[in-house]
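Chemist: Taking the hints as your guide, dock the two standalone chains into a single complex.
These protein sequence lines map, in sequence, to chains A and B. The first sequence begins at 1 in our numbering and counts up by one. The second sequence begins at 90 in our numbering and counts up by one.
In short, the hints are calculated from the structure, not lab data. Take the hints with a grain of salt, since some may be wrong.
What the hints assert, rightly or not - Below, in silico cross-link-like pairs of lysine-lysine (BS3-like), each with a Cα-Cα straight-line distance of 27 Å or less:
(1) K39/A <-> K520/B
(2) K310/B <-> K291/B
(3) K452/B <-> K316/B
(4) K39/A <-> K533/B
As the list claims (entries may be wrong) - Okay, the calculated beta carbon distance ranges per label pair:
(5) T12/A <-> R294/B: 16 to 26 Å
(6) V297/B <-> E26/A: 40 to 50 Å
(7) E46/A <-> L341/B: 45 to 55 Å
(8) L33/A <-> R462/B: 12 to 22 Å
(9) T551/B <-> V5/A: 51 to 61 Å
(10) D108/B <-> A47/A: 30 to 40 Å
(11) D557/B <-> T12/A: 23 to 33 Å
(12) T12/A <-> K95/B: 38 to 48 Å
Cβ atoms here follow ideal geometry from the backbone N, Cα and C, with glycine treated the same way.
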Amino acid sequence: MTEIVKRASAGTMESSDVYVEIEPAETGLTVELQSVVQKQFGASIEAVVQEVLQECGVEKARILIRDRGALDCVIRARVEAAVLRGKEG
Amino acid sequence: MSKVVKSLKEAIRNAGLKDGMTVSFHHHLRNGDYVLNMVMDEIADLGIKDLTVNASSIFDVHAPILNHIENNVVTQILCNYMASGVGRAISTGIMEKPVQFRTHGGRPSDIALGRTPIDVAFIAVPAADNMGNASGKFGPSACGSLGYAVADAMFAKKVIVITDNLMPYPLPDWAISETYVDYVVTVDAIGDPKGIVSGTTKITRDPVGLVMASYAAQVIKHSGLLKDGFSFQTGAGGASLAAASFLKEIMLKEKIRGSFGLGGITGYMVEMLEAGCFEKLMDVQCFDLKAVESIRSNPNHIEINALQYASPAFKSAVVDSLDVVILGATEIDTDFNVNVHTDSNGYIMGGSGGHSDAAAGSKLCMIIAPMFRARLPIVRDRVHCVSTPGQDIDVLVTQGGIAVNPKNAELTERLKAAGLPILDIRALKEKTEAITGTPDPLRKGDRAVAQIVSRYGEPLDTIYNVVD
Numbered sequence: 001m002t003e004i005v006k007r008a009s010a011g012t013m014e015s016s017d018v019y020v021e022i023e024p025a026e027t028g029l030t031v032e033l034q035s036v037v038q039k040q041f042g043a044s045i046e047a048v049v050q051e052v053l054q055e056c057g058v059e060k061a062r063i064l065i066r067d068r069g070a071l072d073c074v075i076r077a078r079v080e081a082a083v084l085r086g087k088e089g
Numbered sequence: 090m091s092k093v094v095k096s097l098k099e100a101i102r103n104a105g106l107k108d109g110m111t112v113s114f115h116h117h118l119r120n121g122d123y124v125l126n127m128v129m130d131e132i133a134d135l136g137i138k139d140l141t142v143n144a145s146s147i148f149d150v151h152a153p154i155l156n157h158i159e160n161n162v163v164t165q166i167l168c169n170y171m172a173s174g175v176g177r178a179i180s181t182g183i184m185e186k187p188v189q190f191r192t193h194g195g196r197p198s199d200i201a202l203g204r205t206p207i208d209v210a211f212i213a214v215p216a217a218d219n220m221g222n223a224s225g226k227f228g229p230s231a232c233g234s235l236g237y238a239v240a241d242a243m244f245a246k247k248v249i250v251i252t253d254n255l256m257p258y259p260l261p262d263w264a265i266s267e268t269y270v271d272y273v274v275t276v277d278a279i280g281d282p283k284g285i286v287s288g289t290t291k292i293t294r295d296p297v298g299l300v301m302a303s304y305a306a307q308v309i310k311h312s313g314l315l316k317d318g319f320s321f322q323t324g325a326g327g328a329s330l331a332a333a334s335f336l337k338e339i340m341l342k343e344k345i346r347g348s349f350g351l352g353g354i355t356g357y358m359v360e361m362l363e364a365g366c367f368e369k370l371m372d373v374q375c376f377d378l379k380a381v382e383s384i385r386s387n388p389n390h391i392e393i394n395a396l397q398y399a400s401p402a403f404k405s406a407v408v409d410s411l412d413v414v415i416l417g418a419t420e421i422d423t424d425f426n427v428n429v430h431t432d433s434n435g436y437i438m439g440g441s442g443g444h445s446d447a448a449a450g451s452k453l454c455m456i457i458a459p460m461f462r463a464r465l466p467i468v469r470d471r472v473h474c475v476s477t478p479g480q481d482i483d484v485l486v487t488q489g490g491i492a493v494n495p496k497n498a499e500l501t502e503r504l505k506a507a508g509l510p511i512l513d514i515r516a517l518k519e520k521t522e523a524i525t526g527t528p529d530p531l532r533k534g535d536r537a538v539a540q541i542v543s544r545y546g547e548p549l550d551t552i553y554n555v556v557d
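Next up, chain B with everything else stripped away, as it sits in the complex (with noise of 0.2 Å):
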């Protein structure tokens, strides 16, 4: 038996895909993604309309997606993260259904629950074997961990496994198992491998992030939880990485042996994990070639998929035993409300991705931004939409001050007494809008061009279309 079928027309058509149906992928391959526009074209030429695209994200590779869009090939989108150039298409208002905004680990929860079934799911992976066992790890498209599209695979209809790199059965070290996928196709190339990782990334060398980064390592040293048993995520972004370089200096310091690093992983953290500060990686996604190397390589660098990530459905997730994330903000406000949605004219550019579960999990979830960006402050009176709610948010850190959200008295005094500089969240904006001036409002559209749906499956806030 063998599940290949000799072209993707082929299983689009077995799969028995019909207007109005949901379909799905996942952004494993980031900005080097063929396979989107690839399946999408083939479903367009098939003549198929009014479809559903579930995917974890947009990317701006996925543009061609704004044709499909015109043509009424695909009439809603449901994303985790929209990148910019699609974002602010989308924000016009060309689509009659608004986006649904989803979190990493809201996605698979609502997925599995049944509140957003799909129908078919277009699955691309770095290597695969004739029976559909899948694993991110190999081959010339290799991105390393799969865990975006676990999800997809074991709660969709029918599931169709693309690969550029059709290896003889059993596949070892599967990310997808058989036991869930219906075809098999073969492609020339699933993706751009010079999108699909960064070849480094860089620590920070701006003298403002090297002083939030400093300020975080901090927080982070006088926060109570950095002892033995520490577990930590940080973004890729330069500052969080510089933020990670200072906080490894005191683990190896002061000899603390964390118990994993988790999220998307970096170059950064596999290198903290060789060092001895951590036990473990638990990594849902690859960010860069050294991480891809690590976690094919080093069986301490475990692959996780979205469901233990994140998702508040099932018993327990990784993030439930997260002491600390280190996150980024385009807005907070005054409330400690995080956007991270939309840029400061409206226009999408990004999404929750597992901001949310992140913070919403860790012990302390600490947003690391600069006080103003060209101009435009950090902190607002109400941020322009709620991607993560203020609850959830434990400490801001910008270079000019660090404010503690009042719920965390505890906290507060341990980092006065630490000497650091603490002030209220209004004051840090006051000091802002001094240097800045204060801008003026921003005027919203009446039309909703997507919904932000909260990790737990809750209408959160509502994005308006952009007017001049």
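Just chain A, with the same shape it has in the complex (with noise of 0.2 Å):
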């Protein structure tokens, strides 16, 4: 299991960009999203955000994401990047 230890974030607010941030939480994982293409990806941009939390082994934490039309790779590596700067060490 990754524990995520303190807020942290990644991406940012330019179109086709996304922007993460994830802090520590007691239980469970809570992801808030907030998309532009909301209507049309949002169940897709949910399922990608919680199978790359699967795979870093991440079981609690808070994430929000602030989605500017970001392609799946673009928000697989903004999460990543957030787990790695929210971890231990």
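Modeler: Here it is, written out as structure tokens:
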């Protein structure tokens, strides 16, 4: 398991990018998603974020996603970067 | 004799404006316009209600119109373009009667044919004399061409000219003749020059835009149309200007002398005129200061009105002699139908303008757009609404390849032979969705917020309210 010990962020609010913020939580995963393409890709973004968190072994965290129309590969990279910055060491 | 009256209120009273009538405006002052708001406030003050506003375009500077809608001063809007601020409010369904969208050519047709009669036209002009001869070329609010206002002047029952620059009679080089004008009103300012014209229009430096632009120029080069006498129209978007810049290089290198450039005119088209790419510019609207300066001083830069620009109701229009036009799109479907009215969430944020007219008239109509914007693919199974029918669109140029409408077998062969990356529009859609994913379909409301009327006056499509 990867423990999130501090608040960390990755990405920008530029068009086609995504801004990700992660912070420690007592229990479980909470993902708060806001996206300019919510109606078209909301479900798929949510699934990708969950997938990356699982791959990284994050089980407890609060994650904030401000998506400006990023592709899946960008979302993956930004979430992973936020996790790496938020974990111990 | 003088037609000058001392206030706007007096002019409105003299014109006999009453409940239920139609007033009209043009959009040459674009997002710098003071006059539409000024006039509607006076009308509201006079207690007149239930008006139809026929404006060639509605910009976000006109947002106060939303209050007049709420107070029933305005109960219907007819326009050719509506910017996103006002468009968003309209899209939520605030009006009983749907907005009617026309094209820059269809609007004057329908006015001339009596389909959309105007009771009182309010025409903002950067210069006028006391008998109502009016021009856009002179004065602190100079906007260049007044092309979109001419049908209003010719066919409205009463015509009020509003200016901040009263010049001695007779005004030279007028666009609107005194023969149509009832009253002249002077005001402190008709607009904010900063919003009327842009300082400069810039060519894109975005690599995706440059790839598209270079493909676009290659398509024109190999279309068989690029020879002496060539005619061309393009928009003011960064990628369209870049395409014009590549085209200019080709024309100068191959010593091709075109006959005319058409449309809303930018400084870039002026440079092409001055470099000898074209004999003439035919200008219905100036986009920037350089275009305004040129139309004032260069006799080969000719002011035309919207009737002559694009109207199908008359014996001919300039678009009928157009070889190539480059246009944009927010969406295009696999039948080549184009949407320029709504954004990808269904909110109104534009309109045809001259899109449909130039597409119908030109020999080669090219849409230039990126494969996707902020993850949303440009090619869809079905556009949210049809602004321009696919039968008038010939080619779609993206950075990921060029799709030719299957009706153009000969053009397809020419472009393939030139080594350009031609692919089926369905294949282009798949190629794009492999990168972006496939978007979930958008749910439409059940309330019509706008009707799209074709340039021929026929119903083309309906825009419904946006639901969450």
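Chemist: Could you run down the list of hints and mark each one as holding or not?
Modeler: Structure-based check of all given hints:
1. K39/A <-> K520/B: Distance of about 22 Å is within 27 Å: holds.
2. K310/B <-> K291/B: With Cα atoms ~23 Å apart, K310/B and K291/B stay inside 27 Å; holds.
3. K452/B <-> K316/B: Status holds; Cα separation ~14 Å.
4. K39/A <-> K533/B: Distance ~12 Å between K39/A and K533/B Cα, so the pair holds.
5. T12/A <-> R294/B: 16 to 26 Å: Holds: the Cβ-Cβ distance is about 19 Å, inside 16 to 26 Å.
6. V297/B <-> E26/A: 40 to 50 Å: holds, 45 Å
7. E46/A <-> L341/B: 45 to 55 Å: holds, 53 Å
8. L33/A <-> R462/B: 12 to 22 Å: For R462/B against L33/A, whose Cβ atoms are near 20 Å apart, the range 12 to 22 Å holds.
9. T551/B <-> V5/A: 51 to 61 Å: Holds: the Cβ-Cβ distance is about 55 Å, inside 51 to 61 Å.
10. D108/B <-> A47/A: 30 to 40 Å: violated, 56 Å
11. D557/B <-> T12/A: 23 to 33 Å: Holds, since D557/B and T12/A (Cβ atoms, about 27 Å apart) stay within the stated range.
12. T12/A <-> K95/B: 38 to 48 Å: violated, 56 Å
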